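Number of protein chains: 2
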Amino acid sequence: MSVTVVGSVALDTVETPWGKNEEGLGGAAVYFSLAAANYTRVHLVGVVGEDFPQKHVDLLAARDIDLEGLERTPGKTFRWTGRYHDDVNMRDTLDTQLNVFERFHPVLPVSAQAPDFLFLGNIHPSLQLEVLDQAKASFVALDTMNLWIHTTLDDLKAVLKRVDAIIINDSEVKDLTGEANIIKGARKVHDLGPRIVVMKKGEHGCLLFEGDNVFAAPALPLDKVLDPTGAGDTFAGGFMGYMSQQDDTGFDTLRKAVIHGSVLASYTCESFGPDRLATVTQEDIDTRYAEFQRLTQF
Amino acid sequence: MSVTVVGSVALDTVETPWGKNEEGLGGAAVYFSLAAANYTRVHLVGVVGEDFPQKHVDLLAARDIDLEGLERTPGKTFRWTGRYHDDVNMRDTLDTQLNVFERFHPVLPVSAQAPDFLFLGNIHPSLQLEVLDQAKASFVALDTMNLWIHTTLDDLKAVLKRVDAIIINDSEVKDLTGEANIIKGARKVHDLGPRIVVMKKGEHGCLLFEGDNVFAAPALPLDKVLDPTGAGDTFAGGFMGYMSQQDDTGFDTLRKAVIHGSVLASYTCESFGPDRLATVTQEDIDTRYAEFQRLTQF
Chain Y
1 MSVTVVGSVA
11 LDTVETPWGK
21 NEEGLGGAAV
31 YFSLAAANYT
41 RVHLVGVVGE
51 DFPQKHVDLL
61 AARDIDLEGL
71 ERTPGKTFRW
81 TGRYHDDVNM
91 RDTLDTQLNV
101 FERFHPVLPV
111 SAQAPDFLFL
121 GNIHPSLQLE
131 VLDQAKASFV
141 ALDTMNLWIH
151 TTLDDLKAVL
161 KRVDAIIIND
171 SEVKDLTGEA
181 NIIKGARKVH
191 DLGPRIVVMK
201 KGEHGCLLFE
211 GDNVFAAPAL
221 PLDKVLDPTG
231 AGDTFAGGFM
241 GYMSQQDDTG
251 FDTLRKAVIH
261 GSVLASYTCE
271 SFGPDRLATV
281 TQEDIDTRYA
291 EFQRLTQF
Chain H
1 MSVTVVGSVA
11 LDTVETPWGK
21 NEEGLGGAAV
31 YFSLAAANYT
41 RVHLVGVVGE
51 DFPQKHVDLL
61 AARDIDLEGL
71 ERTPGKTFRW
81 TGRYHDDVNM
91 RDTLDTQLNV
101 FERFHPVLPV
111 SAQAPDFLFL
121 GNIHPSLQLE
131 VLDQAKASFV
141 ALDTMNLWIH
151 TTLDDLKAVL
161 KRVDAIIIND
171 SEVKDLTGEA
181 NIIKGARKVH
191 DLGPRIVVMK
201 KGEHGCLLFE
211 GDNVFAAPAL
221 PLDKVLDPTG
231 AGDTFAGGFM
241 GYMSQQDDTG
251 FDTLRKAVIH
261 GSVLASYTCE
271 SFGPDRLATV
281 TQEDIDTRYA
291 EFQRLTQF
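Residue numbers (the numbering used here), protein chains in the order written: chain Y, 1 to 298; chain H, 1 to 298.
Keep in mind that the hints were calculated from the coordinates and are not lab data. As the structure is a prediction and not an experimental result, all values here were calculated from the model. Careful, some of the hints might be misleading.
Identical copies look the same in the list; a pair holds intra-copy or inter-copy alike.
[Said to hold, decoys possible] Subject to a maximum C-alpha distance of 25 Å in a straight line, what follows is the list of computed PhoX-like cross-link-like pairs (lysine-lysine):
no., residue 1, residue 2
1, LYS184, LYS20
2, LYS184, LYS157
3, LYS174, LYS224
4, LYS256, LYS20
5, LYS157, LYS188
6, LYS184, LYS224
7, LYS161, LYS55
8, LYS188, LYS224
9, LYS157, LYS256
10, LYS184, LYS76
11, LYS55, LYS76
12, LYS55, LYS157
13, LYS161, LYS76
14, LYS256, LYS55
15, LYS224, LYS76
16, LYS157, LYS174
17, LYS256, LYS76
All chains should be modelled from the sequences, with the hints used to inform the complete structure.
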């Protein structure tokens with residue numbers, strides 16, 4: 001089984017109340033891959049510039065992530081700079097430099113064209129369509145953001161018709177559907193295409209919808225969130241990776257996949273960048289999976 | 001086993017996007033009592049004016065709630081008027097008329113002085129202290145609000161030293177402790193006295209803390225929230241009522257008590273005022289308790 005992910009690879013500068021991380025490894029495809037690689041073979045498709053440090057490539061390769069689709073082109077790597085508030089649920093983007101990402105058109109190497117699972121990271125919907133035209137996956141999920149909902153809704157709707165699942169923030173569901181009630185919002189998203197809706201709510205956990213089935217998972221309460229950057233993409237990686245490992249997309253597997261995604265996302269929050277995520281072991285996953293059971297059972 | 005509740009009895013005028021309810025039965029002690037009465041004997045302590053409709057008294061009596069402590073005095077009943085936004089998590093208070101509540105000093109009849117469980121509804125902390133001086137309960141919980149945190153913090157702290165549990169909104173935890181992180185916030189509340197902290201998060205459910213034990217419960221996703229007024233007090237009533245019925249305050253009972261509170265709160269949201277809550281049957285409780293199991297198990 002394997003998963004292909006297409007998305008950003010970045011150098012992130014992140015400031016939180018507890019410190020600053022300058023030009024660290026970041027990007028949706030990076031967090032997704034490091035999470036999913038705990039469960040399955042991952043093909044990463046993205047682009048970096050000439051300045052992308054070799055150590056970051058080595059870190060990804062060490063987790064056995066296939067980097068054939070990681071293009072290196074002339075120019076500088078995509079950079080993002082953000083600052084979190086004391087309440088780490090809130091952040092400001094201080095700077096975004098697209099650099100080589102601006103002219104990026106994903107090209108899937110043969111190895112990545114027929115995965116069992118395909119994740120379309122949060123990139124322009126027209127690029128997501130280009131990926132869909134190249135890939136034959138049995139299960140496709142996507143992420144998106146308010147920017148695309150507001151500026152390229154037609155393209156986004158064309159993508160939504162062709163995917164099985166969407167992994168989306170609750171505020172984005174409201175923007176996409178105009179519906180404040182989450183149940184009605186999820187139904188309206190179903191009507192746009194995806195039969196599975198995963199609604200992320202940050203520290204409040206997430207909700208999983210498939211038809212009339214609903215599953216609610218809390219986030220693991222953490223006493224120190226050093227840097228939540230990438231937690232959503234980590235979640236998606238654990239979610240898709242687990243489904244790929246189980247080779248199943250039934251609702252009971254989806255429930256467990258949500259917990260696996262939440263487990264890995266909790267590790268991502270505990271360090272700047274993906275440092276902690278990159279060293280997660282099977283034992284770490286088992287320990288925290290059991291914590292989720294204690295946290296939720298009654 | 002029995003529970004005594006001290007709190008407001010009100011006539012509420014509530015406007016939501018789905019309609020308006022003029023001068024309906026309301027107040028924290030009412031919602032609490034109607035919820036707790038599903039599990040245990042309830043003594044209601046509060047005050048109403050001469051204008052309080054007899055049909056409301058009859059409704060409470062029909063649920064076998066002891067009304068010996070419901071004082072009727074010259075003057076008008078406490079009135080609250082509020083309007084909910086399209087996003088029913090947000091509301092504006094349009095008018096508050098304390099009326100007879102302004103001079104209220106709770107007097108516990110003998111029958112209500114030695115309950116197993118005592119709930120101090122959201123009233124002035126100095127009144128909560130007056131109640132504590134009159135009652136001998138083996139387990140005391142209280143509710144409070146931002147107003148008391150900001151205006152009478154010393155009194156509130158004196159109450160907190162004498163209670164076992166606090167049932168409080170997440171935003172109030174932040175106000176009370178200055179701590180944005182919920183785990184640290186809960187610990188700081190523990191340090192103020194209560195060994196049990198129940199943190200309500202509205203549509204995101206709630207968190208239960210006792211020492212290092214944590215339990216997370218979602219709210220039941222509802223496709224129509226007609227009027228959430230009283231949901232928090234209903235939750236507290238189900239929570240305390242179930243503990244009283246079980247005659248136990250161990251963590252496993254507390255987990256189930258949180259679900260019972262959430263079950264009843266979900267019914268409260270489905271009608272204006274306490275109409276739906278007042279007709280809840282054991283079968284209704286069982287049905288929705290099972291829904292919570294399906295919603296959370298993995």
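To see whether the hints hold, each was checked on the structure:
no.: 1; hint: LYS184 - LYS20; in the structure: between (40 Å within a copy, 22 Å between copies)
no.: 2; hint: LYS184 - LYS157; in the structure: within (18 Å within a copy, 42 Å between copies)
no.: 3; hint: LYS174 - LYS224; in the structure: between (29 Å within a copy, 16 Å between copies)
no.: 4; hint: LYS256 - LYS20; in the structure: neither (34 Å within a copy, 42 Å between copies)
no.: 5; hint: LYS157 - LYS188; in the structure: within (12 Å within a copy, 47 Å between copies)
no.: 6; hint: LYS184 - LYS224; in the structure: between (34 Å within a copy, 9 Å between copies)
no.: 7; hint: LYS161 - LYS55; in the structure: neither (39 Å within a copy, 54 Å between copies)
no.: 8; hint: LYS188 - LYS224; in the structure: between (36 Å within a copy, 15 Å between copies)
no.: 9; hint: LYS157 - LYS256; in the structure: neither (29 Å within a copy, 42 Å between copies)
no.: 10; hint: LYS184 - LYS76; in the structure: neither (43 Å within a copy, 41 Å between copies)
no.: 11; hint: LYS55 - LYS76; in the structure: within (16 Å within a copy, 74 Å between copies)
no.: 12; hint: LYS55 - LYS157; in the structure: neither (38 Å within a copy, 53 Å between copies)
no.: 13; hint: LYS161 - LYS76; in the structure: neither (34 Å within a copy, 59 Å between copies)
no.: 14; hint: LYS256 - LYS55; in the structure: neither (33 Å within a copy, 50 Å between copies)
no.: 15; hint: LYS224 - LYS76; in the structure: neither (33 Å within a copy, 50 Å between copies)
no.: 16; hint: LYS157 - LYS174; in the structure: within (15 Å within a copy, 40 Å between copies)
no.: 17; hint: LYS256 - LYS76; in the structure: neither (39 Å within a copy, 55 Å between copies)
Hints 4, 7, 9, 10, 12, 13, 14, 15 and 17 from the list above are not met by this structure, while the remaining hints are.
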